[in-house]
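2 protein chains.
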Amino acid sequence: MSDVLKNSFGNIRIVLCETHHAGNIGAAARAMKTMGLRTLILVNPENFPGAEATRRASRATDVLAGARACDSLSEALHGTALAVACSARPRELSMPAVDARTAAVRLAAIGASQPVALVFGNETYGLTTAQVNQCQLIASIPADSQYASLNLAAAVQVFSYELRLAALGAGIDSDRVPGDPTQDRASHEAVEGFYVQLESALVETGYLNPAQPKKLMQRLRRLFARAGLEREEVNILRGVVQTLRNPKKKQ
Amino acid sequence: MSDVLKNSFGNIRIVLCETHHAGNIGAAARAMKTMGLRTLILVNPENFPGAEATRRASRATDVLAGARACDSLSEALHGTALAVACSARPRELSMPAVDARTAAVRLAAIGASQPVALVFGNETYGLTTAQVNQCQLIASIPADSQYASLNLAAAVQVFSYELRLAALGAGIDSDRVPGDPTQDRASHEAVEGFYVQLESALVETGYLNPAQPKKLMQRLRRLFARAGLEREEVNILRGVVQTLRNPKKKQ
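Protein chains in written order, with numbering that gives the first Met the number 0: chain A, 0 to 250; chain B, 0 to 250.
Certain hints may be false.
[Claimed, not checked] With a straight-line cut-off of 35 angstroms between C-alpha atoms, the simulated DSBU-like cross-links for lysine-lysine are: (1) A/Lys214 / B/Lys214; (2) B/Lys213 / A/Lys248; (3) A/Lys248 / B/Lys247; (4) A/Lys248 / B/Lys214.
Calculated directly from the structure, the hints in this document are not laboratory data.
Can you build the whole structure from these sequences, using the hints too?
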């Protein structure tokens, strides 16, 4: 296995949120392992562990046994430089949206040097808006408009397959890779910390009325998600907000 | 749906041979339907029909109900111009072998005008040599060498997905185009006006020292350029800077 492949795969987290059927978790673990992926994180699974998970995992019970449980998506995304939300549903004021193949190329490229995550929602209702807002990109599998409902583990299989091909570099023109892999991207928690500071400043100064927020923070999140903030840029933005509120010199 | 897509999809048969688990047949039907495929042929299924097939088919029970049963692979392949055997196992004296994506492109191309088939074997022993010999091409899904055993329905999902992308044409959809043409992008002068306001605020508050600017504005420009600001976003950003400097309410 090439170093790039090994690095990308080690850095790619598959995050399953509020999964209902334990069998789907087992099948997802199997799907991951066939493609060389091993880092599975479960956010509040509803019926796990269970015999059905073990059965459907087949010979991927090691991936299942190594799965980490988290209480929140935020915890699962700690340290990630890119989080991609898998969602078929069109969303108002959404993040940038791409197809599975494009998302896989970006995840593999950034995953070569920094932790990244691919996030799946509950089988029935998918990801919540709050969960999607913690990601920087939405990815969907091109599907039939009459029936676009892939089984959860089937979707994990398709994405894992595309991630493998992307990491192997097959059929990918590196000129087309969106997102410079050498970019020093800010971590999930650094960006979230900036949003907390910004929102608080906007509320305190009266620009944002908490009683009528009008999706202002969602819009700002979407803007910065498109940019893909670097570590140093988050520091600059924090400094800008801090200084605008409390000037260093008299005006 | 384009004519090529409709023709290809109508002409593509998914053939499952000697399937052991009825649940896998149901899950395969669901996988097919999500990608727009509907022609399912079952060669001597071992435990079909069954409740588990219906359950796993979810809302693809129509595909399941329309499935045709055959006594032999030869009967299933009647009239096809190309039959592709799905097999991960290396075979002595084998047919030409390609990966799933290459096979899908060929199936979709020929399927635009003539019937074609994609053939899957039993969950445990796969396709027999006699069955493979009735095909003209072997296709495999690139998988991890340590554990290459995809679940049958997961393999059907990956192939169906590749068939859909191949039939749609490029294998790439328009989502991949960087910069959404429908986005209401801000004009050059609007963005420049924001930079003037921002720089002036940063100088006046002391965050930016004009004597030692340290490429600060250049970094901020680069960040927002990556995002590709929309008209409304520029207004929001201007409002943020303005309000942070001159709060609407006392602090």
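**Q.** Straight-line alpha-carbon gap A/Lys214 to B/Lys214, limit 35 angstroms
**A.** Answer holds: A/Lys214 to B/Lys214 is near 32 angstroms, not above 35 angstroms.
(Q) Given the hinted pair A/Lys248 and B/Lys214, is their Cα-Cα distance within 35 angstroms? (A) holds, 21 angstroms
Q: For the pair supplied as a hint, A/Lys248 and B/Lys247, confirm whether the alpha-carbon distance does not exceed 35 angstroms.
A: Distance ~21 angstroms between A/Lys248 and B/Lys247 Cα, so the pair holds.
Q | Satisfaction of hint between A/Lys248 and B/Lys213, Cα-Cα up to 35 angstroms | A | holds, 19 angstroms
Going down the numbered hints, you'll see the structure goes against none, and every one checks out.
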